[in-house]
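Undergrad: Please take these sequences and the hints and turn them into a complete structure.
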Amino acid sequence: MSMRGRQLDANSMYKRGTREHGFDALDKEQGPERLLNGMGKDVGVPSWKHSLRHVLVATLSSFLYGYHLGVVNETLESISRDLGFHGNTMAEGLVVSTCLGGAFVGSLFSGLIADGVGRRRALQLCALPMIIGASMSAAAKSLWAMLLGRLFVGTGMGIGSAVAALYVTEVSPAYVRGTHGSFTQIATGLGLMGSLFIGFPAKAIEVNFKMAPPSEDVLGVTFSFFKKMWRICFWASVAPAAILALFMEFSVESPHWLFKRGRAADAEAEFEKLLGGPYVKSAMAELSKSDRGDEADTFKFSELLYGHHRKVVFIGSTLFALQQLSGINAVFYFSSTVFETAGVPSESANMCVGIANLLGSFVAMILMDRLGRKVLLIGSFSGMVVAMFLQITSATSLVSRGSGVYLSVGGMLLFVLTFAIGAGPVPSILLSEMFPGRVRANAVSVCMAFHWGASGYKYFIAPISPAANPAGLSI
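Residue numbering for the sequence shown is 1 to 475, as defined by my numbering.
Please keep in mind that the hints were generated in silico from the structure rather than gathered at the bench. Cβ atoms here follow ideal geometry from the backbone N, Cα and C, with glycine treated the same way. Warning: the hint list may mix true and false statements.
Subject to a maximum C-alpha distance of 25 Å in a straight line, what follows is the list of computed BS3-like cross-link-like pairs (lysine-lysine) [claimed, not checked]:
1) K141 / K228
2) K260 / K228
3) K49 / K281
4) K311 / K228
FRET-style restraints, in silico, Cβ to Cβ [as the list claims (entries may be wrong)]:
5) A239 / L112: 45 to 55 Å
6) A269 / G410: 45 to 55 Å
7) A395 / K289: 48 to 58 Å
8) R53 / V386: 30 to 40 Å
9) K228 / M90: 49 to 59 Å
10) K289 / K228: 23 to 33 Å
11) H308 / A264: 36 to 46 Å
TA: This is the structure we're talking about:
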C-alpha cells in the first residue's frame, strides 16, 4: 500500500459518514485500520479497552431508561389501587405517558445543554431530575404527585438518552463504534429486567390482595404495609442515577466538543486517555479535518428543517418514529396485562421478554461493525413483520385457542428479539455518525424528540387496547 493510501486509513480512525454518503458510507466502513503516528510510522490500531469504561459509565443513563420503562409494568395495578385510581384506564395511561412527555421536552433541550456545558456535564445534569422524580414518585400520596414525579424522571431520560448516544459515538474508535453503541441497548435491557425482578414482590402482593382482606396479618406484618412495596421499586432507581452523576466526574469529556470549543490541548489530553499516546496526532489531524469550519457561523435550528441537513433529519426522525410506533415499548409497559389475558403467568412471560431483548442486543453488538447498520435495520424490520404476522394469525379462527396463545406469545418474543438486533440500537448510532459536529447535538435532539413524541402518543392509548384485544395485538 502506498504512503498516501496508508495516510487515508490513518485519517479514518474517527471518520463518520457525511450526508452525501448516507447509509452506504457507514456500511462500507472497514474493520480495524492501520494508523500512523506523527512521524509516519505504522502503529496499528488503538485498543478499545481505553474507551470502554467511559462508555459503560455513560450507558448507566440507558440502564435508567430501561428501568423506568418497565418499573410500572409489574406495579401499575398496586400503584392505582394505593393511590385511588384503580380501574381508571385514563389515569393509568397518564402514569405511563407523562414520563414520555417529560422525555420529549428533555430531548428538545438536550442538544443545547450538550453543546453548552459539554457531554460529560450534561450526563451529570440528567441524573438530577431522575433522582428528584423517582423520589417524588416513591413518596407520592396522590395521582398528581405521581405524575409530577414521572414528569421529572422523563425529563432526565430525554436528556440522557440523546447525550449518551453522542458521547458514546464521540469517545469510541470507529472500528468498535457500533459495538460500543450497542451497549446502550444492552443496558436498556438490563434496566428492564432489573425493574421486573424488583417488581415481582409488588405483583405477588397485589395477587394476594385479591384473595385476602387488607387487615389480614402476613408473617407478623400488616398486609397494608406489603401493599406499598411498589414504592421500593421507585426508590431503587435513585442509586444508579447517583452513581451516574458521581462516576461521570471521573470520565473523559468528548474530544470533539473540546475541539469545537477551541480547547485543542484539552482534546489532545482526552484522546491520550481514550486511545493512547501513539494515536493522538492522527486523531487530532482527523478531527481538525472533519470539523474544519464548524465554528464559522452560528447554528440555527432552521438549518435542520430547510438547510442541507434536512434530508438526514427526515430519515432520522422517520426511523425513530417508526421504531416507537411499532409498539415495542407497549410490550415492556403492558406485557403483564397482555400475557395474563392470554392465560400465561406474567412473571415467567415477562422474564422471557427481557431475555429476548438482551439476546438480541448481544447479537447486535457482535454484528454491528461486521455487517453494517443498513443490513441490521432491514433484517430487524423484516423480522418484526414476521412476528406481527404471527400475532395476527393468533387472533383469527384459523388456529385453536391453545395454538393462538403460543403464536401470540411466540410472536411477541420474536418481535422483541428482532427489534433489539437492529431497530433498537441502530438509529441512535447512525444519526450520531452522520451529522457533522456543528449540528450533531441539536440534530440528534430533534430526531429523539420524534422518538419520545411517538412513544408518548402510543402509550397513552395503549392501556385501552389489551382489554379490547384478547390476543394481545395491542403491541
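Undergrad: Against each hint, give a clear statement of whether it holds in the structure.
TA: Evaluated hints:
no., hint, in the structure
1, K141 / K228, "holds, 11 Å"
2, K260 / K228, "violated, 50 Å"
3, K49 / K281, "holds, 19 Å"
4, K311 / K228, "violated, 50 Å"
5, A239 / L112: 45 to 55 Å, "violated, 29 Å"
6, A269 / G410: 45 to 55 Å, "holds, 52 Å"
7, A395 / K289: 48 to 58 Å, "holds, 56 Å"
8, R53 / V386: 30 to 40 Å, "holds, 38 Å"
9, K228 / M90: 49 to 59 Å, "violated, 24 Å"
10, K289 / K228: 23 to 33 Å, "violated, 59 Å"
11, H308 / A264: 36 to 46 Å, "violated, 27 Å"
Figure legend: structure checked against the earlier numbered hints; hints not met, in rising order: 2, 4, 5, 9, 10 and 11.
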